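There are 2 protein chains.
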Amino acid sequence: MSISMVAEHARWPKENDAIFGLAARAKEAIDKYGRENVIDSTLGALVDDEGNLICLETVYNELKSLPNAAIAAYAQVAGQPDYLEAVQQACFGRYKPDAHIRAVATPGGTGSVRHGIVNYSNPGDSILIADWFWSPYVTISEEYGITVTTFELFNDKNQFNIADFKEKFEDLIKKQKRLVTVLNTPANNPTGYSLSDEEWDEVLNIAKENAKDPENKIIIVVDCAYIDYAGVGDERRKFFSKFSNLPDNIFVIIAYSMSKGYTMYGMRSGAAIGISSNEDIVEEFYYSCMHANRANWSNGTRAAMEVMIRIAKDPEKTKAYENEVKETKTMLRKRAEAFVEASKEVGLEILPYRDGFFVSIPYENAKKASEELTKENMFVVALKKGLRFAVCAVSEEKCKTAPAIIKKVLDRIDT
Amino acid sequence: MSISMVAEHARWPKENDAIFGLAARAKEAIDKYGRENVIDSTLGALVDDEGNLICLETVYNELKSLPNAAIAAYAQVAGQPDYLEAVQQACFGRYKPDAHIRAVATPGGTGSVRHGIVNYSNPGDSILIADWFWSPYVTISEEYGITVTTFELFNDKNQFNIADFKEKFEDLIKKQKRLVTVLNTPANNPTGYSLSDEEWDEVLNIAKENAKDPENKIIIVVDCAYIDYAGVGDERRKFFSKFSNLPDNIFVIIAYSMSKGYTMYGMRSGAAIGISSNEDIVEEFYYSCMHANRANWSNGTRAAMEVMIRIAKDPEKTKAYENEVKETKTMLRKRAEAFVEASKEVGLEILPYRDGFFVSIPYENAKKASEELTKENMFVVALKKGLRFAVCAVSEEKCKTAPAIIKKVLDRIDT
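As they're listed, the protein sequences go chains A and B. Just add 224 to wherever you are in the first sequence, counting from 1, and you've got our numbering. Just add 224 to wherever you are in the second sequence, counting from 1, and you've got our numbering.
Bound-form chain A, shown alone (with noise of 0.2 Å):
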């Protein structure tokens, strides 16, 4: 038996990350076989249908003729004051709520989503997530001696879940007096799933039914990592204005990210931004947060910041922006619409798509189905309840082809 020098609670297994592996894979196949051959749908970023990364010029232009010093600098602990600005603006648009309202820079929404849980969670409680998740939710939890509980997200008819929302809710509150869920809306990954207007005044309902309980605090972060290619106007931001005059032991904090919005996946540039009836529950968050970046990663990326903040101030970039963001929402809901329309023709059930880069597809055996995939040069990540098809990394025309394709792979197995 060999020797061990890390801590305990810091020992994990040997693993590295399934996507990059199958993402190689893919690769290899595209060299093989030409790109026309392969369908390669394991990233979650934009990409042409050539197969490039997008990466808006609004963007880039700005980032390329930014000052060295601008780039060079630190950033304050907490974020430019100018960004806390301009990403509230980015963020909550014309629904911003009728609250106090705190931002914090972290690195992408990653940074955001660990302030929400681990700084709001104790060691040993359970946070609480839908039973389609982003893995990460349980990396950081785990990472913190904090555990995870899952709703479903759907009920038998394909709607969202609110009964069984409520009474993991309910059961976790009750033994914890305290419950950070993390709710992945709109433009679930890996669903695609948003909630309606309606479906957050349920799950608010019940927040507020609980925090009647002045000893429970309750916490809804809500990671809206993929807001940008939401909706078709602003109508899925719609929902922030009902953050407005909450009981205070009901706090929200957005996870936002410059990541997909502003095609600055690599430039790790994000927020945590808190909302509360109560000036000294926003206080105390920016304060704890300014602490855990401190502590973690010091500052943020100054030159993401930089990019955000000269495109909010000038009206004529912020519609050259905002064109270009429209034109690549534009394309992908084509997209997704081609994969939803084909699959409905072919049978492929699917869950209920709403926005997003992502569709899945329920399917028990998800790592064999992936694997078998491969044989038709097609590459989709499994998930733990099944195949997430990635309809931001493919081209419109094989979004139309794909659905047949896993069909007849499923069908096949499960004979």
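Some clues are possibly wrong.
Said to hold, decoys possible - Label-pair ranges, simulated between beta-carbon atoms:
(1) A:468 to B:628: 57 to 63 Å
(2) A:257 to B:507: 33 to 39 Å
(3) B:439 to A:371: 28 to 34 Å
(4) A:346 to B:465: 19 to 25 Å
For the record, the hints were derived by calculation from the structure and aren't laboratory data. A quick note: this is a predicted structure, and the numbers were derived from the prediction, not measured. Note that the Cβ used here is the ideal one computed from N, Cα and C, for glycine as well.
Got chain A sorted already, so can you dock chain B onto it with the hints?
Using the frame of chain A, we list chain B on its own:
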């Protein structure tokens, strides 16, 4: 009494960064009295004689000529493989230890120090650092329920206090059986001290002596954030080769940062580099850090990694970059020498300076002194045990005159 929502462990005082406040006051003074009449020694970054942040041309030309996709794409969670190679070369130079070595990308040196402290300590443990220290060591530790013990960096003769290091080291290892010690050398922040090769031998002898008990786990974190501005040639990297053939229960982690050497403070890139005679131990380190990366910030800034990779792969670019660093280092050395020389002339007591961005002036009532100095239009950061003068941020001319002003003010307070 107002309601609190944050978890107990994440509640912190409402404190803003003191250095930032002082820097803002310095800027005000410059606007009011003119740059030539103000000495702003607050910033921990290289500034030219005209007060402009130094941004290496070789670095920023490379950054701005990167294809957009090389900036936009996610980096791998552990860092790009080419980066993890290049960063070892950048760090060790000709003195790579003969050992098993693995690197993981982190946001600046902070992320790397964080991994060293947090992943290798148990909650309630105490780490060991010098009494002249970079304050985030405390922030990181307290964030995770870890305490800090200090040893006296200097003895009465202003030599490295190996006796006190030994005493505190052995006290802690006896109690905890596990000890993380962070040594910020060469070019210590805030003193400018660098351990000599002989002093490193003494440190390692103490570690080896205590490693004879196989139950002891000794972790040495070397924070070498300022290494590129240490020494004249590469003599300040020589100590790295001493990390060859250590006992399995001495694990060394190098906290490497691109912030200073590449003048990319705001780009947040660095690495944690683990060194062991035992392959399993560096593997364990790698997966522990990868998990912590994913759970805190997900992945690092891709563009910064790409810049290092591209400069490292092209010998001409490497040479141009090294020449630029050398020029900057010479400028810095001249400033420091001017400050040290002038201190001697006016009889201002300073700590032994060898390398780097800062010189420290031991003084009990540092806060008062810092405040009094602002009246002379000089802005110097107050530490617990003295003042930190940032030669990195002040022209040679002003480095010559500053000690007399400081001496005058300290004398005024003392009488």
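Hint check against the structure, violated hint numbers in rising order: Failing hint: just 4.
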